[in-house]
Amino acid sequence: MKQLIQRLVEITAPSGHETQMRAAIRAEVEPLADEVRVDALGNLIAQKGRLPSGRRNEGEGQRIMIAAHMDEIGLMVTHIDESGFARFTNLGGVRPHSLPGGRVNFIHGPIGVIGVEHKAATNEAPTLAQMFIDLGVTSREACPVRIGDVACFERQFLDLGDRLVAKAMDDRVGIAVLIETMRQLKSTPHELHFVFTTQEEVGLRGAAPAAFGIDPDLGLAVDVTGTGDTPQDKKMEVKLGQGPAIKIRDAQMISDPRVVDWMASAAEELRLPHQFEILEAGSTDARAIQLSRAGVPAGCLSIPCRYIHSPSEMVELHDILNAVKLLTRLLSEKVVMP
Amino acid sequence: MADTIDLKSYQPPQVGPAQIRLLERLCNACAVSGDEQEVRQIVLEEIRPYTQEVRIDSLGNVLAIREGSEKRRLRVMLAAHMDEVGLMLTHSEEDSFFRFETVGGVNIQALPGKLVWVGRSHVPGVIGVKPVHLVSPEESKNAISLEALRIDLGPGNGAKANVGDRAAFATSFKRLGASLRAKALDDRLGVANLIELVKNPPANIDLLAAFTVQEEVGTRGASVASYSLDPDLAIVLECTPANDLPSWDGSENNQYNTRLGAGPAIYVADKNTLSDPRLVRHLVDTAEALHIPYQMRQPGSGGTDAGPIHRQRSGIPSISVSVPGRYLHTTTSLCRLSDWQHTLTLIHTALTRLTPEVLAPER
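Read top to bottom, the protein sequences are chains A and B.
Under our numbering, the first residue of the first sequence is numbered 7, with each subsequent residue one higher.
Under our numbering, the first residue of the second sequence is numbered 25, with each subsequent residue one higher.
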């Protein structure tokens, strides 16, 4: 699992440019799926099992969409000035204070350093408009990037034993959970669509069309969630290492309570550590699935994560392994909901 | 990739006197969001001789189809919005004064003292403001609020307007040498381009034209239009701000969005859409093969009809292309004829050399 996560986080795949990520996932899931396809927005859909036609409410199986997003937050170049410095804007929820002095990898190779205008050096965090990327060149002509080119944090994977640190744990741990679940799953009564989505960080843009195309009976997202367990932290129940979190609600979605109960009873049967999540800011692909077409019962399995959207997101290995156990159980048996 | 057309002998549609006259009619017509009928009327007049397949949907979008003749045709949606920003009368007062609200993104500070046309009969009005002689030093420090402004129709004319009527900026179209000046170039330039494309459709695609409504209040028309057209891909024809004036302190302007005279502006990203990279590549390749100027619109804020279109149904590969324009969403916008021509050339050529292979690689 550690090696898989390391392989995934070291890939650069900002929103809208998930090609390298998709190639890596495809290599993992192709032997595990009955069918793998890519839709118009670049979502990778790996299908396992197939319901007979006329499926709804007949037999044991349901059509289930399980989503984890391939993209990570990043930067996009807006201007190259005459001295070769690149100005940029954000792709997704980049926090300006996490940037100065950092390095970024462009998807086509170049690496740059983020600098800040002198006039911005006050007590307040500088704005993105006051920053630039220095690519080590002295003219516009020599600059190896162009308007529209995209980059992500450059940061090594760090193994602290049970705790793992890297950029883009959001949502590469979700991807790893899906892949490992596909590997562990012996059989299923369901038609499972493991969807590796695009453009989550810019507004759940990949998951909504994917859900429309799949038209599932039930939807789950696997994504990271915040914690409230660091010094002077915000008030939040979730703690690192206390097990995967079953989402009750976030800023844009209330999980279907039947889905919450279904997940919680499976965790109890397995005697798995687990916790419940109420996240006050942000949302996941589960929201997009829930609101698709005529509406879909949806929930989310969350991996607790510290320092989300920073270059050093921290997760706990056992939370991830337990998430795989729970998801594998949920998908291998008939769905029992009140 | 070998070109599917011979660019040397290929003749894209030209922007000539007839096209400029049509743009003049389109710009002088009033179509503040939700009341697009004047522009819709012109669009219908222009395109009906060219296709039987025209309908107006429930929101007022004009949807027109021109099928190609070659085999293996992509179904391409082309969208341009008919509506413009403006004002709506909200409350009538004595002596033919009206309070009003803004419709779409309008800078209140750019309104005082401006002329407007009110309602479908274009009743002339003026936006009243306190004369500078009477403004106290204290007052002059504050931004003017919408509540302080009135549309003044003049004595006896109050009955010619009703609460709910729209008001559009009263600017008549004029050609100024290499430039065109008008209200609502955003997005009558797109509408004019789309009309030309309907009149001159490439044979290798099915052209699905959507003249959309209510773009300026949240890209509402395009959402339903793309649901019903259900295309293979979409190109949005826009007019986007050029903020290309020199910086006040002489430093390099690095937030110009686009520049006048630098050719069509190809979108990579805005607030609502990350353009399909395959379509970005196709447009850039086309511009380079044609040896015409083009620019990348600076990624950042703003949104076009591509926002709802690309997320419609199971997802639709989408991109926007704009003619750059200065001073958009004010009484007076300004564009260059050369940018208009290059944009029309780029789009028509890109469509003509568009094959299913362009979308064959995964996004």
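Think of the hints as simulated: they come from the structure by calculation, not from any bench.
No residue lacks a Cβ here, since even glycine has one placed at the ideal position from N, Cα and C.
Watch out, some of these pointers could steer you wrong.
Here are the simulated DSBU-like cross-link-like pairs (lysine-lysine), alpha carbons at most 35 angstroms apart as the crow flies [said to hold, decoys possible]:
no.: 1; chain 1: B; residue 1: K295; chain 2: A; residue 2: K240
no.: 2; chain 1: A; residue 1: K245; chain 2: B; residue 2: K295
no.: 3; chain 1: B; residue 1: K165; chain 2: A; residue 2: K125
no.: 4; chain 1: B; residue 1: K184; chain 2: B; residue 2: K32
no.: 5; chain 1: A; residue 1: K125; chain 2: A; residue 2: K340
no.: 6; chain 1: A; residue 1: K8; chain 2: A; residue 2: K331
no.: 7; chain 1: A; residue 1: K241; chain 2: B; residue 2: K295
no.: 8; chain 1: B; residue 1: K32; chain 2: B; residue 2: K165
no.: 9; chain 1: A; residue 1: K125; chain 2: B; residue 2: K223
Okay, the calculated bits of chain A under chain B, using three or more residues with CB under 8 angstroms as the criterion [as the list claims (entries may be wrong)]:
no.: 10; segment: 149 to 163
no.: 11; segment: 279 to 291
Looking from chain A toward chain B, a few residues come up when the C-beta cut is under 8 angstroms (computed) [what the hints assert, rightly or not]:
no.: 12; residue: T84
no.: 13; residue: R93
no.: 14; residue: F218
For each hint, the structure was consulted:
| no. | hint | in the structure |
| --- | --- | --- |
| 1 | K295/B with K240/A | 29 angstroms, holds |
| 2 | K245/A with K295/B | 34 angstroms, holds |
| 3 | K165/B with K125/A | 26 angstroms, holds |
| 4 | K184/B with K32/B | 56 angstroms, violated |
| 5 | K125/A with K340/A | 62 angstroms, violated |
| 6 | K8/A with K331/A | 16 angstroms, holds |
| 7 | K241/A with K295/B | 31 angstroms, holds |
| 8 | K32/B with K165/B | 59 angstroms, violated |
| 9 | K125/A with K223/B | 54 angstroms, violated |
| 10 | 149 to 163 | holds (count 3) |
| 11 | 279 to 291 | violated (count 0) |
| 12 | T84 | 5 angstroms, holds |
| 13 | R93 | 5 angstroms, holds |
| 14 | F218 | 5 angstroms, holds |
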